[in-house]
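Residues per chain, in single letters:
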Amino acid sequence: MSVVIALAGDTLRSCGRAWILVGLVTVLALAAATTVAVIAHVPAEYMKAAAGLVEQGAVPSLPGDTASDERQTKAAVIQDLTASEYELVMKDTARAAGLRHVVGMGGALLAALIGVLVNETRSGRIGPIVARAIPRRTVVLGQMVGGACALTMATALLAVALMLADAAVVGRAEPRVLPAAGLILPNLMVCLTLVYALATVMHPVGAAGVGLLVCAAVGQIGAIYRSLTAAEVHGLVVDATRLAYRLLPHLGDLKTAAEDYLIEARVHIPIGPAIGTDAIYTLLLTLAACWLFSRRQV
Amino acid sequence: MQPAIELTGVRKTYRVRGAAPVPAIDGVTLAVQPGEVFGFLGRNGAGKTTTVKVLLGMVPQYEGSARLFGIDARRPAARFRTGYLAETPEFAPHATVREILSLHARLAGMKRGAGEDRAEELIDLVDLRGAVGRRVGGFSKGMIQRLGVAVALIGEPRLVFLDEPTANLDPVGRRMVRDVLVGLRNQGITVFLSSHMLSEVEMTCTRVAIMDAGRIVRAGTVDELTRTVHYVHIGVTTVSDGLLADLRSALANVREMQGYIVGEIRSESDLDPIPGIVERHGARLRYLAMAHETLEDAFLRTVGVKGASG
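Same order as they appear, the protein sequences are chains F and L. Residue numbers are given in numbering that gives the first Met the number 0: position 131 of the first sequence equals residue 130, and the series is strictly consecutive. Residue numbers are given in numbering that gives the first Met the number 0: position 35 of the second sequence equals residue 34, and the series is strictly consecutive.
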């Protein structure tokens, strides 16, 4: 255990001093501030026009909408709002967008970068470590624990940056950003472990690219499943999608859950099972990384 | 006594796409006893580094048996109190000397206080006191090599693998490594030294093996390897073709160098006819000197390189 802690501490320190990671967190924090500021300053009249478009079905949906009747209902509600109420909706939407795109997508980028940074299994630095009397799985665990800590801290920093941006633009900080960001974290852990496992057997840049693509694709499976169930399609397609939905991590659910948590929509989302599934996949990917590394020549 | 290192018929083959499998090491068998400083020589690509990696569990799949102190080298327990210096050591560029040594002390299972004391001792030994707070990213190759030596020695090892320890080092650094090797030998610590610096191997190693194309082609003490052939340096007033022809009939490998003649002899009695031959050709013998073959000569002769001479 002390070896895992020592390796995790070393990995965390390396992450903290990696200018590329610090730079990415800074850029994402600035992006958070910009996103909130830009969207929050869109005039309310634009929102009215947008509501009209929603009513006509030209705009696909607002966050959380799936069926067309829900869109119609929401559009009708928006049409009835006053100008100040529109602004409030805008600010809420800005928060949701900030969380989704900066903490969600930015977090995935961070997870991929950390996954690549902490994986030293292909670098010359691993030689003196592997030559010690420690199993290779301990090395992987140490680096993964360090990476997970770095990712948690980076995500927390992003969430705080988002809150500060919110406070600067809207006038009050939205504390629920933090639990929402925490809800996204299990997703990001899956992404981190996937990229780490891939980086054990392929070039780190390739591993980051493939990992992000897989996470993005898997993240859509929940939405695809729901839309297919709602639409009238062949039962076999629905069954196949349902199977994929059951097998793959429920990334889409957690993103939706995070947004809904923020905008306080009451949608039944299987948060618990989704987090559990993410934890299982994180564990399986970690085991895969241990197995791959134990078979590799260094 | 249980050998510190024991390789039996170890064979490792690399698969290359579109080509026949390449054997990196091919049936290597050797044993190193505790307390020996063992020199492992060979040309680039001979399989030295792969052999070291097999012994350190870095190559999981191979044929044959590799053991450290009787334990299968694949098992982590075999590497208990083992130090390793890679051919080109690399360390996290953001870390300082103390941080790296502290990490390796903990990985080696040392208590925090003991590890810190040992780190300070080694910082002085490898002469990095002046750079102790600096990040490794700004270090020269020589400084990284010195740090690598300190990392190899941090866990108070009973067995140390050094792969080209003097690469990138200036003469002062090479001297430091030589002193370290002598110190380890005096403490009874087993050293497996892979090096191209044959003069250092000759000075520090108790036994040597020469590897070529993945096989051990020669092994023994430095004396055994170098005392099989002796050279005689013959200084004469005038060199004629007739003199050289007669010397060639008495000695092996006779060549004319700048102002003197060199030949190979097997024993001192081979020197006896030389004064007579020189006199017969009207020349005067200025000196007759006998020299041992150096390890470099023995190495070059063993791996089949032309030009090995005294």
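Everything labelled a hint here was simulated from the structure, so no lab data went into it. You may find that some hints are simply not true.
Incomplete in silico selection of chain F near chain L, CB under 10 Å [as the list claims (entries may be wrong)]:
#1 G8
#2 D9
#3 R12
#4 A17
#5 E119
#6 G126
#7 V129
#8 R131
#9 M201
#10 G208
#11 L212
#12 A215
#13 Q219
Computed far set for chain F versus chain L, every beta-carbon distance over 10 Å [stated by the list, open to error]:
#14 A5
#15 L23
#16 L29
#17 I128
#18 A132
#19 M152
#20 G275
#21 A287
Label pairs and their in silico Cβ distance ranges [unchecked claim]:
#22 L:A113 - F:T25: 34 to 44 Å
#23 F:L282 - L:A212: 17 to 27 Å
#24 L:S139 - F:V26: 51 to 61 Å
#25 L:V131 - F:L29: 30 to 40 Å
#26 L:A212 - F:L212: 15 to 25 Å
#27 F:M0 - L:Q1: 27 to 37 Å
#28 L:Q1 - F:T25: 22 to 32 Å
#29 L:T205 - F:T25: 35 to 45 Å
#30 F:M0 - L:E115: 17 to 27 Å
#31 L:R16 - F:A36: 51 to 61 Å
#32 L:G17 - F:V200: 29 to 39 Å
#33 L:A19 - F:L282: 34 to 44 Å
#34 F:M0 - L:D116: 21 to 31 Å
Just so you know, even glycine gets a beta-carbon here, dropped at the ideal spot from N, CA and C.
Results for each hint:
{"no.": "1", "hint": "G8", "in the structure": "holds, 8 Å"}
{"no.": "2", "hint": "D9", "in the structure": "holds, 5 Å"}
{"no.": "3", "hint": "R12", "in the structure": "holds, 7 Å"}
{"no.": "4", "hint": "A17", "in the structure": "holds, 7 Å"}
{"no.": "5", "hint": "E119", "in the structure": "holds, 8 Å"}
{"no.": "6", "hint": "G126", "in the structure": "holds, 5 Å"}
{"no.": "7", "hint": "V129", "in the structure": "holds, 6 Å"}
{"no.": "8", "hint": "R131", "in the structure": "holds, 4 Å"}
{"no.": "9", "hint": "M201", "in the structure": "violated, 16 Å"}
{"no.": "10", "hint": "G208", "in the structure": "violated, 23 Å"}
{"no.": "11", "hint": "L212", "in the structure": "violated, 26 Å"}
{"no.": "12", "hint": "A215", "in the structure": "violated, 31 Å"}
{"no.": "13", "hint": "Q219", "in the structure": "violated, 36 Å"}
{"no.": "14", "hint": "A5", "in the structure": "violated, 4 Å"}
{"no.": "15", "hint": "L23", "in the structure": "holds, 16 Å"}
{"no.": "16", "hint": "L29", "in the structure": "holds, 24 Å"}
{"no.": "17", "hint": "I128", "in the structure": "violated, 6 Å"}
{"no.": "18", "hint": "A132", "in the structure": "violated, 4 Å"}
{"no.": "19", "hint": "M152", "in the structure": "holds, 16 Å"}
{"no.": "20", "hint": "G275", "in the structure": "holds, 33 Å"}
{"no.": "21", "hint": "A287", "in the structure": "holds, 16 Å"}
{"no.": "22", "hint": "L:A113 - F:T25: 34 to 44 Å", "in the structure": "holds, 40 Å"}
{"no.": "23", "hint": "F:L282 - L:A212: 17 to 27 Å", "in the structure": "violated, 46 Å"}
{"no.": "24", "hint": "L:S139 - F:V26: 51 to 61 Å", "in the structure": "violated, 33 Å"}
{"no.": "25", "hint": "L:V131 - F:L29: 30 to 40 Å", "in the structure": "holds, 37 Å"}
{"no.": "26", "hint": "L:A212 - F:L212: 15 to 25 Å", "in the structure": "violated, 44 Å"}
{"no.": "27", "hint": "F:M0 - L:Q1: 27 to 37 Å", "in the structure": "holds, 31 Å"}
{"no.": "28", "hint": "L:Q1 - F:T25: 22 to 32 Å", "in the structure": "violated, 57 Å"}
{"no.": "29", "hint": "L:T205 - F:T25: 35 to 45 Å", "in the structure": "violated, 57 Å"}
{"no.": "30", "hint": "F:M0 - L:E115: 17 to 27 Å", "in the structure": "holds, 20 Å"}
{"no.": "31", "hint": "L:R16 - F:A36: 51 to 61 Å", "in the structure": "holds, 54 Å"}
{"no.": "32", "hint": "L:G17 - F:V200: 29 to 39 Å", "in the structure": "violated, 21 Å"}
{"no.": "33", "hint": "L:A19 - F:L282: 34 to 44 Å", "in the structure": "holds, 41 Å"}
{"no.": "34", "hint": "F:M0 - L:D116: 21 to 31 Å", "in the structure": "holds, 23 Å"}
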